[in-house]
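> Residue numbers (UniProt numbering): 1 to 187.
Don't read these hints as lab results, they were simulated from the structure. All residues carry an ideal CB built from backbone N, CA and C; glycine is no exception. Misleading hints may appear alongside valid ones.
What the hints assert, rightly or not - The calculated lysine-lysine pairs, modelled on DSSO-like cross-linking and capped at a C-alpha distance of 27 Å, are:
#, residue 1, residue 2
1, K161, K80
2, K131, K102
3, K36, K55
4, K80, K44
Stated by the list, open to error - Derived DEER-like restraints, expressed as beta-carbon distance ranges:
#, residue 1, residue 2, range
5, K102, P81, 28 to 34 Å
6, P93, G173, 18 to 24 Å
7, P167, P93, 22 to 28 Å
8, Y48, G106, 32 to 38 Å
9, R109, K55, 36 to 42 Å
10, K102, K164, 14 to 20 Å
11, P134, K164, 31 to 37 Å
12, P81, K44, 33 to 39 Å
13, E37, E79, 26 to 32 Å
14, K161, E99, 28 to 34 Å
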Amino acid sequence: MLTTSFFTKLLVIILVHRVVMGKFFYYFAYGSNLLKERIRVQNKGAEYECNGVLKNFLLNFVATPYSSRWHGGIATITEKPGAEVHGCVWRVPDEFSGELDKQEIGYHRLTVPIECANKTIQCRTYQYSNKTAPPAPPSPHYKTVIIAGAIEHSLPESYIKGLKEIPDNGYKGRVAVDLDVIKHLNQ
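Please model the complete structure; the sequences and the hints are all you need to start from.
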């Protein structure tokens, strides 16, 4: 027969597990947050989970009023049958949800199925909200951060090659984000 003591111990185990493990959400990064150093600027608790693929979406770069952070077009995703966006899945503690929303100003949340090696994970991702924003090339800084994140997480070589072939806008100068990978550009 189960006793009150058993249930008390079980409750303690569950509570300790929640404190240790914490509550979190999965976030699919396809832009600058591919890079561990970048995502941890505002989301220190983010932990890499796996590489993944978002099917039937295409990576684009658009001009926005928020482009001043990077001095060029910023990444977004648009629906396109047959296209794929590669990225990585981060496990982000719930307490950083608001910080991620602030970082992704001008974007709205989407919940999307991300195909990882042996499972599909429902993830939060962000899509730029203005569907009529004109295309704009990224700055060399932003492009470098995205490519560095893709390399860091060993995304497919063909995908990395495609990222490298995206023309940048040639901006020279500083951007608002100071990361080791772009110190040589941030002068």
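> Look at each hint and say if it fits the structure.
Checked hints:
1. Distance restraint check for K161 and K80: the Cα-Cα separation of roughly 20 Å lies within the 27 Å cut-off, and the hinted pair is therefore satisfied.
2. As the CA atoms of K131 and K102 are separated by approximately 20 Å, the hinted pair is consistent with the 27 Å bound.
3. A C-alpha spacing of about 23 Å is found between K36 and K55, which places the hinted pair at or below 27 Å, so the restraint holds.
4. For the hint pairing K80 with K44, the CA-to-CA distance comes to about 33 Å; that exceeds 27 Å, so the pair is violated.
5. As the Cβ distance of K102 to P81 is approximately 33 Å, the hint placing it in 28 to 34 Å holds.
6. In this structure, P93 and G173 break the distance hint of 18 to 24 Å, their C-beta atoms being roughly 35 Å apart.
7. Take P167 and P93: their Cβ atoms lie about 37 Å apart, and the range 22 to 28 Å is violated.
8. Distance hint for Y48 and G106: a CB-CB separation of about 26 Å, inconsistent with the stated range 32 to 38 Å.
9. At roughly 19 Å, the beta carbons of R109 and K55 sit outside the given window of 36 to 42 Å.
10. Restraint check, K102 to K164: a C-beta distance of roughly 30 Å breaks the suggested window 14 to 20 Å.
11. Hint check: P134 to K164, Cβ distance near 23 Å, so the stated range 31 to 37 Å is violated.
12. The hint said 33 to 39 Å for the Cβ distance between P81 and K44, and at roughly 38 Å that hint holds.
13. Taking the beta carbon of each, E37 and E79 are about 30 Å apart, inside 26 to 32 Å as hinted.
14. Checked against the hint of 28 to 34 Å, the C-beta distance between K161 and E99 comes to roughly 33 Å, which is consistent with it.
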